[in-house]
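Chain order of the listed sequences is A and B. So the first sequence is numbered by this note's numbering: it starts at 1 and just counts up by one. So the second sequence is numbered by this note's numbering: it starts at 1 and just counts up by one.
In case anyone wonders, no lab produced these hints; they're calculated from the structure. Since this is a predicted model, take the numbers as computed values, not measurements. One should not assume that every hint holds.
[Unchecked claim] Sample of chain B residues at the chain A side, in silico, Cβ under 7 Å: (1) Thr36; (2) Gln37; (3) Ala40; (4) Lys43; (5) Asp44; (6) Val47; (7) Ala189.
Cβ atoms here follow ideal geometry from the backbone N, Cα and C, with glycine treated the same way.
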Amino acid sequence: MKSLESWGRYPRVKPGTQRVLPFSWRTERLPSVEEGESLLPYGKGRSYGDGCLNVGHALLPTTGLDRFIEFDPSTGLLTCEAGVSLEDILRLVVWQGWFLPVTPGTKFVTVGGAIANDVHGKNHHAAGTFGRYVRRFELLRSDGTRRECSPTENADWFAATIGGLGLTGLITWARIQLVRMHNPFILQETVPFGGLEEFFQLNRESERDFEYTVAWIDCLARGRKLGRGLYYRGNPAPPQWETLPLVRSHLTRGGGLAVPFNLPSFTLNRLTVSAFNFLYYHRQRGRPSTRLVHYDPFFYPLDSVHAWNRIYGRRGFLQFQCVVPLAEAGGGAMEEILARIARSGMASFLAVLKTFGSLESPGLLSFPRPGVTLALDFAFQGSRTLALFSDLERMTREAGGAVYPAKDACMTPESFAAAYPALPRFRDFVDPAFSSSFWRRVAGPSASLSSSVPSVA
Amino acid sequence: MKKVLVLGATSAIAQATCRLLAARGAALHLVGRNATQLEAVAKDLSVRGARVSTRVQELNELSSHEELVSHADTVLGGMDGVLLAHGLLGRQPESERSWDAAQEVLTTNFMGPASLLTHVANLLEERRAGMIVVISSVAGDRGRQSNYVYGSSKGGLNVFLQGLRNRLARSNVAVVTVKPGFVDTPMTAHLPKNALFASPEKVAKGILRAMDARRDEIYVPGFWRLIMFAVRSIPEGVFKRMKL
Chain A
1 MKSLESWGRY PRVKPGTQRV LPFSWRTERL PSVEEGESLL PYGKGRSYGD
51 GCLNVGHALL PTTGLDRFIE FDPSTGLLTC EAGVSLEDIL RLVVWQGWFL
101 PVTPGTKFVT VGGAIANDVH GKNHHAAGTF GRYVRRFELL RSDGTRRECS
151 PTENADWFAA TIGGLGLTGL ITWARIQLVR MHNPFILQET VPFGGLEEFF
201 QLNRESERDF EYTVAWIDCL ARGRKLGRGL YYRGNPAPPQ WETLPLVRSH
251 LTRGGGLAVP FNLPSFTLNR LTVSAFNFLY YHRQRGRPST RLVHYDPFFY
301 PLDSVHAWNR IYGRRGFLQF QCVVPLAEAG GGAMEEILAR IARSGMASFL
351 AVLKTFGSLE SPGLLSFPRP GVTLALDFAF QGSRTLALFS DLERMTREAG
401 GAVYPAKDAC MTPESFAAAY PALPRFRDFV DPAFSSSFWR RVAGPSASLS
451 SSVPSVA
Chain B
1 MKKVLVLGAT SAIAQATCRL LAARGAALHL VGRNATQLEA VAKDLSVRGA
51 RVSTRVQELN ELSSHEELVS HADTVLGGMD GVLLAHGLLG RQPESERSWD
101 AAQEVLTTNF MGPASLLTHV ANLLEERRAG MIVVISSVAG DRGRQSNYVY
151 GSSKGGLNVF LQGLRNRLAR SNVAVVTVKP GFVDTPMTAH LPKNALFASP
201 EKVAKGILRA MDARRDEIYV PGFWRLIMFA VRSIPEGVFK RMKL
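Bound conformation, chain B alone (with noise of 0.2 Å):
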């Protein structure tokens, strides 16, 4: 990816991505609402050596974002991908007592980034090029009681890309799902840290490495699918006692 649409850039995850790019001379469009971060991520981004221009937006104004695009695409000559990098973990027993927060986090994590990505799909399907790449989690691939809300906007992220990826494959444009554990950034500042957590540096290269070989969907640290894998594995009527 050399015209590269970044949406949520000021994400922990984003910044380091960015830098990988940006050291390969990327041309970067930064989208993030916070217009005082933007500005920092988007000068410490110029001088690793990407071409830079920002744009500050609110991502869940949905009706902005086909302009968003387009304009994207003009700013950068052509855009040829997309890393989808925002997302909101919320609080699971906030967004139980109250439909308003739960909401905030469907839409941030999942009809955001639909909307998003179908203007984006449909451009990159007639220019018949380019990448998607989307900032998943390992919450999506089953729900559990501690995090079902955010769980499930992420799991409807997965099946969405999984569909669009089924759709772009004859178009010659990859879907890229990513799946990070648990990274240690400021979403996550007020969890205990543990040897399960992952620097932003580490999710960042592995990102890089899946983008280069156009994966589907990758785990990054890549332990996870191990640990996903028999966390999907337990029966529905065990999983349902369980404390997870």
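Isolated chain A (complex conformation) (with noise of 0.2 Å):
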């Protein structure tokens, strides 16, 4: 049988090494455990590291886990499982003229998935994370006690399980308050910029008329042109095109490619990515350009393409995704970041530059706070890989900044604990039958149930 993997597919995970316990039904009981196994649930693995692993013992896929329950299109209020993925609510909602309130940049992660790792997206600066819309859930804990939960009611374990990477137990169902959208369009503009300067400039001006923001830099650029990149702002279209065909256009585009099967590791290389790179820069030849594209497209680029992850190869890889704070930032920790990863030759087609606003993050251990945050894949090279991001994690540390869960395979306790100050607190919430790989590598010896259970390898 196919193992079940994280997005990155490393940590590697030997066939046979996690058990599947399905979980289909919200009105059963967990399913028991053995002596020192714990539980994990697993929604559609797109974590990319091992924060959905459970690497010697059990996975909770909560594939059947996929019901709508309730949707109110006069209010936007919908309650579902915690299986059900944001693509099958956006089939639901946007030609009833609704969208998620926040989303990542895939549609192919689930809302139980999106709470656990408190995701953000293109308008963290005006909307802030997907758990602040998040109205209630019900918490199913192993000694099978059910709690609901809401930011008034039993509301310290609504602020441990938002962001709780799946640890404080199950969340069966869940209620998100959805934003009205009238089309299913956005108006973007592209600008290109010069360097970190240029952008931190375009993006002071660009955050207060426009609700999506994100840049592209060329991570390969070095010299005067280290941070060059494109900028994409965008809003909802206005009300004059809500006469193109609605009930169509929620419909997936360009479902048909997918990476059928590992590529050769030769695929990727300085020379093909900087060539990439190089011509994604150039296309836009300088000039600003503005253009009406469906969401889909504006949301979810790789979507379109199936297991892109496989173009990595068998090895793999690791997305590094880090924010420090904005003084830090213009102060020359992300340039310095930026010139680590560009004398590192190492990167990667796109790295995503973008402002974490100050509306707060409801988790405790959510992972947006204010300041910027940078996202890039690197194919896993071994050792001078593993060099590369402990070198990128300490100056994230040393600049008080933070590496994100979701995408983190390496991040050492010392540095979980500096940044993510309401760990002890978080501690007690912990349900005793549930870990994972992540909470075992990150938080001490104490996150393991018993000490002979082996760890990941």
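Using the supplied hints, reconstruct the complex from the two chains, each of which is provided in its own coordinate frame.
What follows is the structure, given as structure tokens:
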């Protein structure tokens, strides 16, 4: 059997090292585990590192927990089971005039996963994290108890479970407040910029007037060109576009493309990547442009290529995503991080740069906080990659920043504790029968149920 | 099909098929034996656009069938289709040791459906319209030592459906036999998965296509037609020595 993996496919999982216990009915009890064994809910496996893995223990796939419970098209309040994906939601609500309040860069994540990682999107500066739109959910614990949690009811459990990495128990269902969307289009402007300083200036101007902002930077450009890139900013298209055929347009475009097998590792090397980045940058020819785009390619450019993670071959890849406070970033921390990445020559196609706003994240362990966030992929090349990650992590920590658990496979317990000061409080809410490979790696010895259980290799 | 009686509505294949029917705004009368599961499925389908009613019923109580079918017809306001999706895989070794276990498999997969479809057929035949869609299995194509009790229940069902199709052809009632191969559902949760396994969603799409085209018999996914042709082609003298 194919084993359940994480999106980066690093660390690699040996077949048969994770027991799979499907959970399909929200009214049932959790399956029982063996002595010393722990559980971890598993949605669509889109966490990049080991946050969705539980090697040596058991996974609780929520694929069967994919039912809607209630949707009121007059208020936009949606109640559904935790295994429902954002794609399922879009198919249901877009043609009825509603949209996700916050969406990450892929629609192939579950509602449970979006809550457990308190995900963010291109509108963070205006809207905050996904967790801010969660009105209520049910938490099922291994002792059989069920708690309905909301910002006012069981508020401590609510805060621990949002961004709680699936460790506080199983979210069986959740209620989300959607936002109005009058048509499925985004009016998008693309503006080239020559370096970090220009980025920050452009960003300040843009955040006032645009709901969605994100920048792509060329991570291989060095010296004077360091930090050059393209700035994307957009707003929902104005109402005159409402006459366009709404009903059909919620369908996913370009579903035909897929990467059918692992590409050989020579596909991606410094040459092909810098050629791609050069072409991508110069396609713009230095001019700003405006166009109307469907929400699907705007928010989910990579979803149209199924299993794109396979382009990195069998060894998999790591994603690095950090946030550093704005003062530090402006003071050179982000520039140093970018310079270190450029020097390594190991960066991949796209690095994404965005600022987080000041809206508070509701989870004890939420990643988004005011500052600049950088995200990019690295094909796994053994110790070279690990050495680079260790440097990047140290630079992030010294700048007072944080690494994103949903993307992480390397962080040390020290960095985790430093970046997540609520960690000691969070520990009290961890279900004694729940754990993950990530948790055993970063949370220290107290995270293991029993010392005899092998942790991730 | 716009007004459909769904038997075994909490099965994974029935749920996936009903979601496609719900998107078309169908009316669905859902029958299953677990009340809380049935309620969860009903809410889901109603959010997805279906008009839904439910009935909790143990379908192996054959005496309930006549009333069940006429009640469904009333609730739906004249049913024009049936999706029969309940089934029991059982365990072959247990079915060999215990006649009670074997009988439960045979009743669930053959006696029950035959009884239900008798009432449904009489109703639709008189109305001279409608469609009967039954989830059978590739396992009914040839008896094998590893699952012949389940296989024979499905094989018997297939022959029953052939006859019913023949009888109802002149009454404009279609009978669609659906033969899925391995499907990744709770019924097969204990089996190790391989490339032959299909998702319930994929099977549901195949079923909907067959319904729209009023096909007689389909294999889903389609490659099972070739596999089962090969399995059926092996001479019995050779086959009986094989371990399939």
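Handout entry: aspartate 44 of chain B as an interface hint toward chain A, with CB separation required under 7 Å
Key = Hint on aspartate 44 of chain B: holds, closest Cβ of chain A at ~4 Å, below 7 Å.
Problem - Status of the hint placing alanine 189 of chain B at chain A (closest C-beta pair under 7 Å) - result: With a minimum Cβ separation of about 6 Å from chain A (threshold 7 Å), the hint on alanine 189 of chain B holds.
Exercise for the section: Closer than 7 Å between Cβ atoms is the bar; does valine 47 of chain B clear it against chain A? Give me holds or violated. Expected result: The hint holds - valine 47 of chain B has a Cβ within 7 Å of chain A, the shortest such distance being about 4 Å.
Handout entry: Restraint outcome when alanine 40 of chain B is required to lie within 7 Å of chain A by C-beta distance
Key = Holds, about 6 Å.
Handout entry: Hint check, glutamine 37 of chain B versus chain A [nearest Cβ-Cβ separation less than 7 Å]
Key = holds (6 Å)
Problem - Hint check: 7 Å Cβ-Cβ cutoff, lysine 43 of chain B to chain A - result: holds (5 Å)
Exercise for the section: With chain A as the partner, please determine if threonine 36 of chain B meets the hint condition of a C-beta pair closer than 7 Å. Expected result: holds (5 Å)
Taken one by one, the earlier hints all hold for this structure without exception.
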